[in-house]
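**Student:** Each protein sequence line maps, in turn, to chains A and B. The working numbering applies: residue 1 is where the first sequence begins, and numbers increase by one. The working numbering applies: residue 1 is where the second sequence begins, and numbers increase by one.
Among these hints, one or two may not hold up.
Not everything, but these chain A residues come out facing chain B in the computed CB check (under 8 Å) [to be verified]: (1) S42; (2) L43; (3) Y57; (4) S88; (5) P100; (6) D108.
Rather than coming from a laboratory, the hints here were simulated on the basis of the structure. Positions of the beta carbon are idealized from the N, C-alpha and C atoms, including for glycine.
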Amino acid sequence: SAVISQKPSRDICQRGTSLTIQCQVDSQVTMMFWYRQQPGQSLTLIATANQGSEATYESGFVIDKFPISRPNLTFSTLTVSNMSPEDSSIYLCSVVVAGPNQPQHFGDGTRLSIL
Amino acid sequence: AQTVTQSQPEMSVQEAETVTLSCTYDTSESDYYLFWYKQPPSRQMILVIRQEAYKQQNATENRFSVNFQKAAKSFSLKISDSQLGDAAMYFCAYRSPTGNQFYFGTGTSLTVIP
C-alpha cells in the first residue's frame with residue numbers, strides 16, 4: 001500500500017492562468033499516473049509520469065497543455081496550463097508499487113473550477 | 001486494447017440486502033489482474049477487492065466477494081448485508097501483467113436505501 005498526499009484539494013482559477021498540482025507518496029513507487037474525472041464519470045488517463053524522463057501522454061493530451069514532472073520515485077506534479085472552463089474537472093494522482101499484481105492507489109484528487 | 005464494460009450505470013439495494021454489480025472485459029491474454037474500486041461521493045477512490053486470473057477461487061473480503069468467470073470474461077462484485085456506507089460509485093478495472101496499463105469501466109452508482 002501507499003499513502004498519497006495530493007495538493008491542492010480544490011481551487012478556483014481564472015481563465016488563462018495555470019495551476020500546478022502536487023502528488024507526494026510516502027514510499028518509492030514504480031508507476032505514477034495522472035487522471036481526469038468529471039463528477040459521476042469514469043477516469044480518463046492523461047499521462048504516465050516517468051521518473052527522470054518525459055511523461056507518456058495519452059491521445060488527446062499534450063505536453064504543452066499538461067506538463068508533468070517526476071524528479072524522483074516519490075513525487076510528481078501536473079500543471080494545467082492556460083486554463084479554460086473546459087478544464088474544470090477532478091484531477092487524480094495514482095501510484096503503483098512494485099509487482100505485476102499490484103493495484104493502483106489514488107490520491108484524494110484536486111477539484112478544479114475555472115471561471 | 002482491452003475494454004472493460006459495466007452495463008449497469010445505476011443500481012439500488014435495500015439496507016441489509018445483497019446486490020451484485022456486473023463487469024465484463026475483453027482480452028486475449030491468459031494472465032491478468034482484476035480489481036473493484038469504490039469511490040464515495042467527493043471522497044478518495046479505494047480498492048475493494050482484487051482477483052488474479054490464474055486463481056480459480058473467488059476472492060472475498062468480508063462482505064465483498066467476486067464471481068470470477070474466466071471463460072465468460074466476467075467479474076461481478078457481490079455486496080452482502082449492504083450498509084449505508086456502501087453507497088458509492090464502483091469501478092471495475094483490468095490490469096495486464098505485461099504493461100503499465102490499467103483499464104477502467106464506466107462505473108456503477110450504487111444507492112443504498114434505508
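**Student:** Going back to the hint list, which numbers does this structure go against?
**Tutor:** 3, 4
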